[in-house]
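This is what each chain is made of:
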Amino acid sequence: MDIAGRRRLRLKTWIFTVLVIVANAFGNLFLDKGVHGAAGGIGLVRLPLFDIEVNLLWLVPGIGLLILWMLTRMALLGWADLTYVLPVTALGYVLSTVLAAMFLGERVDGRRWAGTILIVLGTALVSATSPKGNAR
Amino acid sequence: MKELLVAVVVLATVCADLLQSAEMKQVGELDDFRPSGIQALLRAMARNKYLILAVFFMALSFFAFLKLLTIADLSYAVPVSALTIVIDTVLARVLLRERVDWRRWTGAALVAAGVFLISAA
Numbered sequence: 015m016d017i018a019g020r021r022r023l024r025l026k027t028w029i030f031t032v033l034v035i036v037a038n039a040f041g042n043l044f045l046d047k048g049v050h051g052a053a054g055g056i057g058l059v060r061l062p063l064f065d066i067e068v069n070l071l072w073l074v075p076g077i078g079l080l081i082l083w084m085l086t087r088m089a090l091l092g093w094a095d096l097t098y099v100l101p102v103t104a105l106g107y108v109l110s111t112v113l114a115a116m117f118l119g120e121r122v123d124g125r126r127w128a129g130t131i132l133i134v135l136g137t138a139l140v141s142a143t144s145p146k147g148n149a150r
Numbered sequence: 096m097k098e099l100l101v102a103v104v105v106l107a108t109v110c111a112d113l114l115q116s117a118e119m120k121q122v123g124e125l126d127d128f129r130p131s132g133i134q135a136l137l138r139a140m141a142r143n144k145y146l147i148l149a150v151f152f153m154a155l156s157f158f159a160f161l162k163l164l165t166i167a168d169l170s171y172a173v174p175v176s177a178l179t180i181v182i183d184t185v186l187a188r189v190l191l192r193e194r195v196d197w198r199r200w201t202g203a204a205l206v207a208a209g210v211f212l213i214s215a216a
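Order-wise, the sequence lines are chains A and B.
Counted the way the working numbering counts, the first sequence spans residues 15 to 150.
Counted the way the working numbering counts, the second sequence spans residues 96 to 216.
Note that these hints are calculated values from the structure, not bench results.
Treat the hints loosely; a few may be bogus.
20 Å max Cα-Cα, derived DMTMM-like pairs, lysine to aspartate or glutamate [to be verified]: (1) A/LYS26 x A/ASP16; (2) B/LYS97 x A/GLU67; (3) B/LYS97 x A/ASP65; (4) B/LYS97 x B/ASP168; (5) A/LYS146 x B/ASP168; (6) A/LYS146 x B/GLU124; (7) B/LYS97 x A/GLU120; (8) B/LYS144 x B/ASP168; (9) A/LYS146 x B/ASP196; (10) A/LYS146 x B/GLU118; (11) A/LYS146 x A/ASP65; (12) A/LYS26 x B/ASP168; (13) A/LYS26 x B/GLU124; (14) B/LYS144 x B/ASP127; (15) A/LYS146 x B/ASP126; (16) A/LYS26 x B/ASP126.
Isolated chain A (complex conformation) (with noise of 0.2 Å):
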């Protein structure tokens, strides 16, 4: 591949990661939001398989996001290794607890947030490596 061709590889790669980051982290926060009864009870509706209690004003963005997470994540494994895309993508774990604490008054102790940095570590290495492999 020419340099041109690494560059444009690299550019989609990145834009898509943030896509997946972003749809999956809001995704999950509008979902814990929807399973919370969230809204002074508007559109509140019980799931009976479940027996959950669900707010639809949270939850349907939410799986909107999460399908856009699907897709976005699926084109990107298009052209990426999975062991390149999940390492990569768990940056969405991290904005999720920066979310959770930030939105949902969760306490993110000492513990979560050395767990956090491990994860961005981690990211940080496999993200070094080409994201296509040998496989095909």
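With the hints as your guide, set chain B onto chain A.
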């Protein structure tokens, strides 16, 4: 109950990941970002035999995750599901025959250590 739900989420996600990756290795790379190119990719994805199974496992993982969120913090549920990265890395090496160099093994191990710290908190 919490551990059982975590196990269902992790195993269903691993199955979905492997099936999605196998599918996309067959479907190929998105290179044409015009609407027609994206449509062609979506059509090729829909025709592939692995998609239905992958969607089934994703749905299973999704509902188990939703149930997990009702009894656990998001900052527990999300990181603990990162266990999939370790299992996926081993299975991608064995089943998908991906070349996993030391940086990818180490990266997966660091992520696993991070998951352990977060879930043991």
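Unsatisfied constraints (hint numbers, rising): Hints 5, 8, 11, 12, 14 contradicted; others consistent.
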